[in-house]
Amino acid sequence: MSVSGLEWVEQDAILTVTLNRPEKKNPLTFEMYAELREHFHALQIDESIKVVVIVGAGGNFCSGGDVREIIGPLTERADNELLQFTRLTGEVVKEMRACPQPLIAAIDGVCAGAGAILAMACDLRFGTPRSTVAFLFSRVGLGGCDMGACAILPRIIGLGRASELLYTGRAMDGQEALACGFYNELHPAEQVTVAAQAAARAIADGPTLAHAMTKKMLHREWAMPLEEAIDAEAEAQAALMRTHDFKRAYDAFVAGAKPRFEGN
Numbered sequence: 001m002s003v004s005g006l007e008w009v010e011q012d013a014i015l016t017v018t019l020n021r022p023e024k025k026n027p028l029t030f031e032m033y034a035e036l037r038e039h040f041h042a043l044q045i046d047e048s049i050k051v052v053v054i055v056g057a058g059g060n061f062c063s064g065g066d067v068r069e070i071i072g073p074l075t076e077r078a079d080n081e082l083l084q085f086t087r088l089t090g091e092v093v094k095e096m097r098a099c100p101q102p103l104i105a106a107i108d109g110v111c112a113g114a115g116a117i118l119a120m121a122c123d124l125r126f127g128t129p130r131s132t133v134a135f136l137f138s139r140v141g142l143g144g145c146d147m148g149a150c151a152i153l154p155r156i157i158g159l160g161r162a163s164e165l166l167y168t169g170r171a172m173d174g175q176e177a178l179a180c181g182f183y184n185e186l187h188p189a190e191q192v193t194v195a196a197q198a199a200a201r202a203i204a205d206g207p208t209l210a211h212a213m214t215k216k217m218l219h220r221e222w223a224m225p226l227e228e229a230i231d232a233e234a235e236a237q238a239a240l241m242r243t244h245d246f247k248r249a250y251d252a253f254v255a256g257a258k259p260r261f262e263g264n
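Be aware that the sequence shown starts at 1, since it is given in the numbering used here, and climbs by one per residue.
Treat the hints with care, as some may be off.
[Stated by the list, open to error] Per label pair, the in silico range of CB-to-CB distance: (1) Leu-88 with Asp-12: 29 to 35 Å; (2) Ala-202 with Ile-71: 38 to 44 Å; (3) Leu-82 with Gln-237: 41 to 47 Å; (4) Glu-228 with Pro-188: 41 to 47 Å; (5) Ala-42 with Glu-164: 32 to 38 Å; (6) Asp-231 with Leu-159: 24 to 30 Å.
These are computed hints drawn from the structure, not numbers from a lab.
Using N, Cα and C, we set each Cβ at its ideal position, and we do this for glycine too.
Make a model of the complete structure from these sequences and hints.
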């Protein structure tokens, strides 16, 4: 475990990131933001990791920015220092979306503020019935426009729902988060991390290059007209058709076997 409160464990091509300050519901610090940014940036060239799972220790995901270690000091910082901080937090999401590995969040208990943003920035989210998700920036006098929330959240749950959550800062329970599409699946608390790891295993055993391309195109096509998006996808698929994994899949089909992808 790093001194910042983050634990990084790699096993069989799956990296598990644990937010590990359970005594305070895993709030983020300045150091944790910087470490998350650096590690997710490094994943862009790390071919040994195929999937990342993010979890919280002690029955909660993340309660947001640490009130005493972040919010308090921010009230005394100069304008340029405030902008440095908000750019740092935004860079965490940029790096999460830029790394080629699919990201899966296993969410239990409190998932609030910047913690809800970390979950939002993942590709898949598994929750529990008792979990609560809140984009509570308005409750501390800030806008919902934090770390990409106004761009990403409406694409997950729709503009109307996203607007209401960002204006009010209220919490969604697990059932509502599942119903509106924020969660992909709902599991009992004792099984949510197991389910997330199982999903990670299934993805990791699949075609790494193809998954990376899917994530890349999902991100790129947000700002593309339909015609441009279709052309971009044609180029992406043609590139993947030149890979050995594509040929392996065909050979396995002909042989009546399951393909074994090797990521090239």
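Take the C-beta atom of Leu-82 and the C-beta atom of Gln-237, compute their distance, and say whether it sits inside 41 to 47 Å. holds (44 Å)
Between the beta carbons of Ala-42 and Glu-164, is the distance compatible with 32 to 38 Å? Given about 37 Å between the Cβ atoms, the range holds.
Quick one: are Leu-88 and Asp-12 within 29 to 35 Å, going by C-beta? holds (32 Å)
Is 24 to 30 Å a correct range for the gap between the Cβ atoms of Asp-231 and Leu-159? holds (27 Å)
For the range 38 to 44 Å, tell me whether the beta carbons of Ala-202 and Ile-71 fit it or not. Roughly 39 Å apart at Cβ, these two residues keep to the hinted range, so it holds.
Taking 41 to 47 Å as the hint, is the beta-carbon distance of Glu-228 and Pro-188 inside that range? holds (44 Å)
Of the numbered hints listed earlier, not one is contradicted by the structure.
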